[in-house]
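2 protein chains.
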Amino acid sequence: MFEAAELGHKVSKATYKTEVPKLREQLLDAQFELGEKKPFPVVIIVSGVDGAGKGEAVNTLNFWMDPRNIHAHALGDPTDEELERPAMWRYWRKLPPKGAIGFFFGSWYSHPMRMHIDGGKSRDYLDSYLDDFLRFERMLADEGALVLKFWLHLSKDALKDRLTQLEGDKATNWRVTKKDWERYERYDDLMPVAEHVLRRTSTGHAPWIVVESTDEKYRNLTVGRTLLKAVKARLAEQGKPATASVPVQALDHADDINLLDALDYTKTLEKKAYKKELEKYQGRLNKLTRSKAFRDRGMVLVFEGNDAAGKGGSIRRACAAMDSRFYDIIPIAAPTDEEKAQPYLWRFWRHLPGIGKTAIFDRSWYGRVLVERVEGFCSEADWLRAYGEINDFEEEMARHGIIVQKFWLSITADEQLHRFNEREATGYKRFKLTDEDWRNRDKWSEYSNAVCDMVERTSTEIAPWTLVEANSKYYARIKVLKTLCKRLEEEL
Amino acid sequence: MFEAAELGHKVSKATYKTEVPKLREQLLDAQFELGEKKPFPVVIIVSGVDGAGKGEAVNTLNFWMDPRNIHAHALGDPTDEELERPAMWRYWRKLPPKGAIGFFFGSWYSHPMRMHIDGGKSRDYLDSYLDDFLRFERMLADEGALVLKFWLHLSKDALKDRLTQLEGDKATNWRVTKKDWERYERYDDLMPVAEHVLRRTSTGHAPWIVVESTDEKYRNLTVGRTLLKAVKARLAEQGKPATASVPVQALDHADDINLLDALDYTKTLEKKAYKKELEKYQGRLNKLTRSKAFRDRGMVLVFEGNDAAGKGGSIRRACAAMDSRFYDIIPIAAPTDEEKAQPYLWRFWRHLPGIGKTAIFDRSWYGRVLVERVEGFCSEADWLRAYGEINDFEEEMARHGIIVQKFWLSITADEQLHRFNEREATGYKRFKLTDEDWRNRDKWSEYSNAVCDMVERTSTEIAPWTLVEANSKYYARIKVLKTLCKRLEEEL
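Those sequence lines, one after another, are chains A and B.
Each step along the first sequence adds one to the number in this note's numbering, with nothing skipped, and position 482 is 482.
Each step along the second sequence adds one to the number in this note's numbering, with nothing skipped, and position 366 is 366.
Keep in mind the hints are simulated off the structure, nothing from the lab.
It cannot be assumed that every hint is accurate.
What the hints assert, rightly or not - Label pairs and their calculated CB-CB ranges:
id, chain 1, residue 1, chain 2, residue 2, range
1, A, K287, B, E19, 27 to 33 Å
2, B, A381, A, R295, 46 to 52 Å
3, B, G283, A, T15, 25 to 31 Å
Claimed, not checked - Here are the simulated SDA-like pairs of lysine to any residue, each with C-alpha atoms no more than 25 Å apart in a straight line:
id, chain 1, residue 1, chain 2, residue 2
4, B, K94, A, A320
5, B, K38, A, R363
6, A, K232, B, T426
7, A, K276, B, K17
8, A, K232, A, G102
9, A, K94, B, D328
10, B, K276, A, R24
11, B, K275, A, D169
12, B, K170, A, G356
13, A, K275, B, L23
14, A, K37, B, F420
15, A, K170, B, E489
16, A, K432, B, V20
17, B, K38, A, G312
18, A, K38, B, K340
19, A, K271, B, E25
20, B, K37, A, F420
21, B, K94, A, R325
22, A, K275, B, K170
23, B, K94, A, G354
24, A, K276, A, S472
25, B, K22, A, N421
We put the CB at the ideal spot given by N, CA and C, even for glycine.
With the hints as constraints, model all of the structure from the sequences given.
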């Protein structure tokens, strides 16, 4: 795999001198168009042999181009805020918005590779990360990002020459440390692992590009030209990239039986019993959320449901049992412009709670497979791939120890009409009905189908959906609290 | 000061039962209007005697109101990301946007009060913080925030009763720790300090409201009603709050002599000398920014200047000497909607660099006293108060060890015309002139006056302006690099 990068590629001084100005002009033009139209973000990984000049290559591109919308991230050890959240959070927060270029040194690949080579972790351990990365990059590409992964290569001899040369020069010998020579000694351990990683994770939409880096002029020109070609090609495509996922499977139900119809909407609870149960479960929830065991975890609650199903009321009853210092409610409305410039899930990642905290989402990432699907706000391909992306997202949370619990509050069409009429009759403008509420109602069965598909595809053991019969508000609130308590008791 | 809060204020169960529903309705209505119109943010400090029920009071409000746009922040020890930045950064990042309510437990007052009472720090130490807080809250109020500060009070006896009572009940005894009793013992140390702090920092726009908290029903009702009254009053005001600062002093220059005209625009540098100097100073800057001493600091560079004065070129030459992993360029364009929902300086605070890093602002917070002043994008009161706010901002950076250096790149009107014409002649669309460029040019003397006022009022020893004669690009770039090197050599 690396043979082609040990051929002694070289560019003469004269060629470099004539080629660089031309390349720069073209890079600047492409970058200007990217920055003006903001059609997509560019995510670039710069990895490779230590000593191959990752920093120099990026510095050179920064100098050739307009550094104002280029951001370089060399993430070292995670900060404590990062440690409190799933591993990929630190990369999500640094993703370049549309129109910008983000360089990631080493990137998400660094940690598992190091753990495998130096930390004694198994190949299986490494591979499980690679699977995650494949899905992450697939998602980035599907969201429109241009993803390029450079591996700057040096043969073992070239590395030795380079270290010796840097060490011999007074101006650069500070750059060579004992660690560099140790890494040189372990070169033969790195190479097969690197080859494995590159082979497993080089895809059409996020390819690895191996660049021989013995000659820095060759390296710089090659990286620059590759970047230019890729950006120009994507600018020319306009709209969806050619590499976007094609969903292999649409949803097709052979009958009309659905989960929602199967619920028993007559379930109810008397006021007196409600008050007693409320006190009981709020007390239990209170104890659970301030237990020692909970302090090392975190919780993400998702509330979805029909309009007027009583999400707000259920959330309020759950919150009443918790300390406001340790939870945050995130009402999901239209995305802000900063959120629109990022992949779909970005606006949810940014709200993930730290350790011992709870985030309560009043509507959530499921908007993608509900309202966006039904109203056609996104393409079929977009919502079809969302099921998998959402499962990955929730799995990352769960693996990190976050307890994920999701509620669908379900009412019948009749009950909704009753509540709408009731709201229209009250004077409180905060309960006012919008035209949208009535419009959504007209699409009742489309929404029902979307909900059934959603539950079928995203109710997992680690992040289960609880369907809540919500025609009786009392019954619904208690069921939510009870479910929460039960789940927490299992987990803690 | 606390006498009025030791009178034994009390609310009967019956009164509470009739009053709470009425208050809740009104609070919900006010909150709905706040959330719909988003006219201002509400910043609430909840401080006071430990044991007075700060958490309970906020939990109660959360339950009474719609918790979805209320956020409660109990900031403990700073995270390492927070420690890398000026002390107020952690509060800036948690400020509620317009339309939302943010509760801060203890808040910015906690740290210096604790350091004074328990940490042996002097009264002067405390007072210097109080001055900062006064200015910070003044700024919040001027930016339109409704700021309320609650001090929940308990007499020493009432505190003793409360701790004894909590300890005696199996359900609550976990809440009383040794530390609580230690604090009780030190009650007499706290009170005079609290009184001093409240007296010094209670202002019309950010008043302290002392609430007797022996009876929790009285406490909850009082806090709720005070909040309701304040929000309703501000909603009724529409537009600028009655408490906004009135600038006492406009700028009035008695003659036409100005700093910019006094510059010698004939200063120039030959290409050959430029190349030599460039190499020399880039080498020096490179060494300085990777020195051990720099790793414990941080740097903020501000580039402002006439259109076409060559800011971008100067920035690129400075960056070329630095490692892209350790700097970030922040081009300041129109604020995003998330930024518009916050105080003016928020969008700059969010970009402050961590330790050892550099943030380069291509245009900056000075837009307030330049383009916003000249074009009338903000009121005279807004830009007049900005000088002081900016000086405070830069002082906070400097105190934290950040090296702040500001450049004004100045060209003559003739030179600008020459460059505009040149740009129109080139084919590169990235150099295209906009109508705005020409419009700005028509207001040359207004901009010049604004620049002179800005330099006069914000060039400080800790954050000096360097005026750069930029008719010669070579000369300007070298002057920037030279100034940077000199400053860093002094600081490191």
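Status of the hints after comparison with the structure:
1. K287(A) to E19(B): 27 to 33 Å: holds, 30 Å
2. A381(B) to R295(A): 46 to 52 Å: holds, 48 Å
3. G283(B) to T15(A): 25 to 31 Å: Taking Cβ atoms as reference, G283(B) and T15(A) lie about 27 Å apart, which means the hint holds.
4. K94(B) to A320(A): holds, 23 Å
5. K38(B) to R363(A): Distance of about 21 Å is within 25 Å: holds.
6. K232(A) to T426(B): OK: K232(A) and T426(B) at ~22 Å, within 25 Å.
7. K276(A) to K17(B): OK: K276(A) and K17(B) at ~19 Å, within 25 Å.
8. K232(A) to G102(A): With a Cα-Cα distance of about 17 Å, the restraint between K232(A) and G102(A) holds, given a limit of 25 Å.
9. K94(A) to D328(B): holds, 12 Å
10. K276(B) to R24(A): holds, 23 Å
11. K275(B) to D169(A): holds, 23 Å
12. K170(B) to G356(A): holds, 24 Å
13. K275(A) to L23(B): holds, 22 Å
14. K37(A) to F420(B): holds, 24 Å
15. K170(A) to E489(B): holds, 21 Å
16. K432(A) to V20(B): holds, 23 Å
17. K38(B) to G312(A): holds, 20 Å
18. K38(A) to K340(B): Roughly 21 Å between the alpha carbons, so the hint for K38(A) and K340(B) holds.
19. K271(A) to E25(B): Holds, at about 22 Å.
20. K37(B) to F420(A): Distance ~24 Å between K37(B) and F420(A) Cα, so the pair holds.
21. K94(B) to R325(A): holds, 13 Å
22. K275(A) to K170(B): holds, 23 Å
23. K94(B) to G354(A): Holds, because 14 Å separates the two Cα atoms, which is no more than 25 Å.
24. K276(A) to S472(A): holds, 16 Å
25. K22(B) to N421(A): Roughly 24 Å separates the two Cα atoms, so the pair holds.
Every hint from the earlier list agrees with this structure, and none is contradicted.
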